[in-house]
Every structure is written in C-alpha cells, then in structure tokens.
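Chemist: Can you make the complete structure from the sequences, with help from the hints?
First to last, the protein sequences are chains A and B. So in the numbering used here, spot 61 of the first sequence is number 61, and the numbers just go up one at a time. So in the numbering used here, spot 76 of the second sequence is number 1076, and the numbers just go up one at a time.
A couple of the hints might just be wrong.
Pairs of lysine to aspartate or glutamate residues, derived as DMTMM-like cross-links and limited to a Cα-Cα distance of at most 25 Å, are as follows [as the list claims (entries may be wrong)]:
1) K1095(B) / D58(A)
2) K67(A) / D1099(B)
3) K36(A) / E1003(B)
4) K36(A) / D1099(B)
5) K1057(B) / D58(A)
6) K1011(B) / E1059(B)
7) K70(A) / E1003(B)
8) K36(A) / D1062(B)
9) K1011(B) / E38(A)
10) K1095(B) / D83(A)
11) K1057(B) / D3(A)
12) K1057(B) / E38(A)
13) K70(A) / D1099(B)
14) K56(A) / D1099(B)
15) K36(A) / D1038(B)
For the record, the hints were derived by calculation from the structure and aren't laboratory data.
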Amino acid sequence: GEDVEQSLFLSVREGDSSVINCTYTDSSSTYLYWYKQEPGAGLQLLTYIFSNMDMKQDQRLTVLLNKKDKHLSLRIADTQTGDSAIYFCAEGANNAGNMLTFGGGTRLMVKP
Amino acid sequence: DAEITQSPRHKITETGRQVTLACHQTWNHNNMFWYRQDLGHGLRLIHYSYGVQDTNKGEVSDGYSVSRSNTEDLPLTLESAASSQTSVYFCASSKTVTDTQYFGPGTRLTVL
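Modeler: Encoded structure:
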C-alpha cells in the first residue's frame, strides 16, 4: 500500500528557516497536503500542491515537489515560536476517491 | 459560519461498552471521514462516506461502524470498546472527491 514518511522532530531558532521533508511512494498521487496540528487541536490545512506543479508559495510557506523522487518539502521562512506544532504531510489521489494517506508527523520546535 | 464539530471532546469508558462519537458538519459536504491518531502512526482512516446511505471501510475498520442517515452527520460507533481503541479520533469532511478535507477538533477516547 501507499506509504508516507517524515522525520519525527525538527528544532530551529526563531527567525531561521525551517524545512520539513516528506517522502511518499504512491506514484498516482494527485494532491499533496501539509497540515498543522497545535497541541490539543485538530488538523489545520496549511497548503496543498497539485502533482503537476513543482513549487507553490504562500506568504512564508514554500512547498517544493520533486515528483521524480517522490519528495515533498515545506519551507517556513522567518520561523516564529507560534509555528511550533506538529506538521503532517498527506497524499491523495483522484483514483482513490479523496482518501488521504498521512505521514507520522514532524514535531517542529522553535527556540527563542 | 459553517463548521465541523465533534462530541464529546473527551470520553473515558470501560472495556466492552458501546461508545458512539458524534461528528456534525454544516458545510453540506458529501464526503465524511473518520481517522484515529496514535503516536508513531500518524492518522489512519477508519471509515468514510461519500453520501447519504454510503459507508466504506478504511485501513483500520475492525471494531468500528458508521452510519450516514443524513448529509450533516457521521457517527462512529465502537461496538465493544477495547483498550487498543484508546486514541484521538478525528472527523473530516470535503465537498467533492477532489476537494480538500477539513478536520474537526478531535475526540480523545480512553478505554480502561
């Protein structure tokens, strides 16, 4: 079956850039998502990218997709303490009826 | 504002009891999903529905059931709760098969 992998933990200093990486195995993925989960809260959609795109930028967020290597990354510029959370990568495919496969999540810790 | 809600937010129950977790969305979305979140596993799909009277099994459906009698609600029932079902449960919905999923705040269930 499909598999989505993420590193467990990332620590950065406030003001630095954060890069969270994700790899996936399903070559039929149509959409790739980044969700943010703050403590005790649900998942908040941050951004998503279609598989026919290489890059998407949205304010401080930049998503890069290398479809050949099945690698997705989320870059957060000027990381703030409020960015501390767990970030989930997820992939979905049109032929899978919008079902998402999630990675295990990367806990981002931002130090002042 | 339209939203997706879950109740209860926290539940403690005993092994063998039947438990029902509620999910209600006011977006009039056709698609609804139930996930469980466990350390080291990310989110895993339990059941999903593409419309009224439609239900489908996900990756980890054993011990769970759902019913869809209207567009707004997809209750999740644990027929006979087991300690292995201690988890955080998230409900999500999307308008169409190709649309983004939006998540509820989650229900933390503890089975003693």
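Chemist: Next step is simple, just say for each hint if it's right about the structure.
Modeler: Status of each hint after checking the structure:
| no. | hint | verdict |
| --- | --- | --- |
| 1 | K1095(B) / D58(A) | 23 Å, holds |
| 2 | K67(A) / D1099(B) | 21 Å, holds |
| 3 | K36(A) / E1003(B) | 18 Å, holds |
| 4 | K36(A) / D1099(B) | 18 Å, holds |
| 5 | K1057(B) / D58(A) | 35 Å, violated |
| 6 | K1011(B) / E1059(B) | 23 Å, holds |
| 7 | K70(A) / E1003(B) | 33 Å, violated |
| 8 | K36(A) / D1062(B) | 28 Å, violated |
| 9 | K1011(B) / E38(A) | 20 Å, holds |
| 10 | K1095(B) / D83(A) | 28 Å, violated |
| 11 | K1057(B) / D3(A) | 18 Å, holds |
| 12 | K1057(B) / E38(A) | 28 Å, violated |
| 13 | K70(A) / D1099(B) | 22 Å, holds |
| 14 | K56(A) / D1099(B) | 18 Å, holds |
| 15 | K36(A) / D1038(B) | 16 Å, holds |
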